[in-house]
Structures are given as structure tokens and as C-alpha cells.
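> Given chain A's structure and the hints, the job is docking chain B onto it.
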Amino acid sequence: AQSVTQLGSHVSVSEGALVLLRCNYSSSVPPYLFWYVQYPNQGLQLLLKYTSAATLVKGINGFEAEFKKSETSFHLTKPSAHMSDAAEYFCAVSDGFGNEKLTFGTGTRLTIIP
Amino acid sequence: DTGVSQNPRHKITKRGQNVTFRCDPISEHNRLYWYRQTLGQGPEFLTYFQNEAQLEKSRLLSDRFSAERPKGSFSTLEIQRTEQGDSAMYLCASSSVGPGDIQYFGAGTRLSVL
Chain A
32 AQSVTQLGSH VSVSEGALVL LRCNYSSSVP PYLFWYVQYP NQGLQLLLKY TSAATLVKGI
92 NGFEAEFKKS ETSFHLTKPS AHMSDAAEYF CAVSDGFGNE KLTFGTGTRL TIIP
Chain B
800 DTGVSQNPRH KITKRGQNVT FRCDPISEHN RLYWYRQTLG QGPEFLTYFQ NEAQLEKSRL
860 LSDRFSAERP KGSFSTLEIQ RTEQGDSAMY LCASSSVGPG DIQYFGAGTR LSVL
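From first to last, the protein sequence lines are chains A and B.
All letters in the first sequence, in the order written, are residues 32 to 145 by my numbering.
All letters in the second sequence, in the order written, are residues 800 to 913 by my numbering.
Accuracy of the hints is not assured; some may be wrong.
What the hints assert, rightly or not - Which residues of chain A face chain B? A few of them, derived with a C-beta cut under 8 Å, are:
#	residue
1	Gln-73
2	Lys-80
3	Phe-135
4	Gly-138
Simulated from the structure, these hints should not be mistaken for lab results.
Beta carbons: idealized from backbone N, C-alpha and C, even for Gly.
In isolation and in its complexed conformation, chain B is listed as follows:
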């Protein structure tokens, strides 16, 4: 068990560019979550998957954001036409299926939009 892996760890981009992040969950976990954390704040929920199905999306997830989990394993989060307000830490977590199951977090991808 290697834990939740996120790549890249850091991404610097120019405003208007598209970026994609990848998350590899713990292998036996069915659920995968994306959160966003800005400086001085707690993580905020963006979306989550159970296997390949995207079950919930936050209203924080604008049309420029899209997430996929095509084979129920790894997931990608894409941001199109990045804006400076998108600068944040993007955290991925995975868990088993069950009420109150622990979510295990990756180290995150820090996005800086110049």
C-alpha cells in the first residue's frame, strides 16, 4: 500500500492555460474525492466518484473544471482557461465504501496561476 499519490506536486501556469492533475488512490478503495484548499482555509469539497461514476459535484466546480475516473482507478482533474483565483492546493483522497469510512489524503498538487 503506497498511499494516495498525486502528480505533479507543483504546477505553475499562465492565466488562460489548461492544466491537468492526476490522482492515484489506494488500490482497493472505491471512492475518490477532490478537495481544494486555499491559504488559511480548510479543504473544500469539489467532487467525488464511486468507482467510475461521478456522484456529486460542488457548486464550486465551475464549467471550467472537469473530473474523470474512466476505469474506476486513477482520476484526473482538468481546469480549462485558468484564472488567478484558481491558485490553490488541490487535494485528492480515497476511501472504502461505507458510512464514516476514513478518507486518506494525498500530498496535494499546488497550482500557481500567474
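So that you can see chain A by itself, here it is in the shape it has in the complex:
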């Protein structure tokens, strides 16, 4: 069974500071990994996905994530936080081998301090 653990349900950073949101996964097969963002009262929007082509994945809005198999991690980073980054972020995993459903973490709420 697959699972995702997001460390830190709430993260606060100052505007302009580094954003680091942590995600660790468990999967019995090489995984597909995703980061989604959710703004209040909206659905989920894809930030980026990992599909084994490259370990460093660049996404929208300046976000990127690095797949580290040895650490079973897929942490999300952004060099300089912007006020518009305040939202809920979800890490998700699927195995893609006839089991396409996404298993999500519990989410991390990111607050940007002016």
C-alpha cells in the first residue's frame, strides 16, 4: 500500500524567504509523485509531478521538488516566498501500474509573513 507523510501541518515563512515543504512517501513500486496546491474554496491545481525522467522537477510559480529515492522524499521548495503562495499544499503518490488513484498526505498550510 502506498502512503504519504507531510511533516508540518503549518509552515510560516517571511516574504522573500526560502519555502521548504516536506513530503515522504512509501511505495512498493517506483512511484509517480505529485504536488498540488489548493486555495480556499477551490479545487486542487497541479504544481509539478515526478515520473522518473529527472530527479529535479520544476513546476509552476517558481516551485521545484527533488526526488530522493534513498530518503524516500519529495520535498517542495521555492527560493523566495511571495504573498500569493499562501495556500494549502498536498503531496500525492500513485503507482501508475493499473492503480491510478492518488493517495494524498494530510497537507501543509503555508502562511507568508509580510
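Here is chain B on its own, set in the frame of chain A:
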């Protein structure tokens, strides 16, 4: 491409009533997923379709829940005899057929059971 559309956006009902939600996926997508999201949690998988075939159902989907996708286009999710514990955001997503294909989410239907 108008994205994934869900209706209604909000539904308030009394305990014991039946409710039905509709999801219109991105037109060229074969797969359609339903997820449920409660406050402070990540989305949880309920069921998914490939064309009109329902391929997987979560054990979260009790006998009171039924989903259909009769012509392989839009889908409906019905909850019979609603309970207060059914209060949640119900999210629909669609994707193409392929491992690791991106799931695009609708804005969701928020159900409140009084």
C-alpha cells in the same frame, strides 16, 4: 477546454435526504475520479471510471453511495439517506489513460448535512 466542472458548488440538506452531484470532465479524458475531502485532511479516493466502467471503489464508499458514468462522459455521485458524517467537499478529477497522467480537479461540491 473549460476544465472539470462540478455542480452544484454547495448543497445543504437535512439528514436522511438523498443528494446527487454531477461532474463534467475535460472532454477528451477517459478517466474520471471521485474524492472526498474533510476539513483539515487531504482528499481521499472514493471511486474511478474508465469510460463507462467503474474500475475501483474504496471501502469508504458505503452502500448509501453510488456513482455512475452512463455514457462515458459526465458522472453522477448519489448519496442516499445522508448522515452528518457525510458533510465534506466532494472533488471530481479527470485524466487521460496512462501511467502517471495528471489528474485535473474541479472546484468541488461542498455538502453540509444538518
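> Would you mind marking each hint as holding or not holding in the structure?
Status of each hint after checking the structure:
Among the interface hints, the one on Gln-73/A holds; its C-beta lies about 6 Å from the nearest C-beta in chain B, closer than the 8 Å criterion. About 6 Å separates the beta-carbon of Lys-80/A from the nearest beta-carbon of chain B, less than 8 Å, and the hint is met. A hinted interface residue such as Phe-135/A counts as satisfied when its beta carbon comes closer than 8 Å to some beta carbon of chain B; here the least separation is about 3 Å, so the hint holds. Here the hint on Gly-138/A is kept, as its CB sits about 5 Å from the closest CB of chain B, short of 8 Å.
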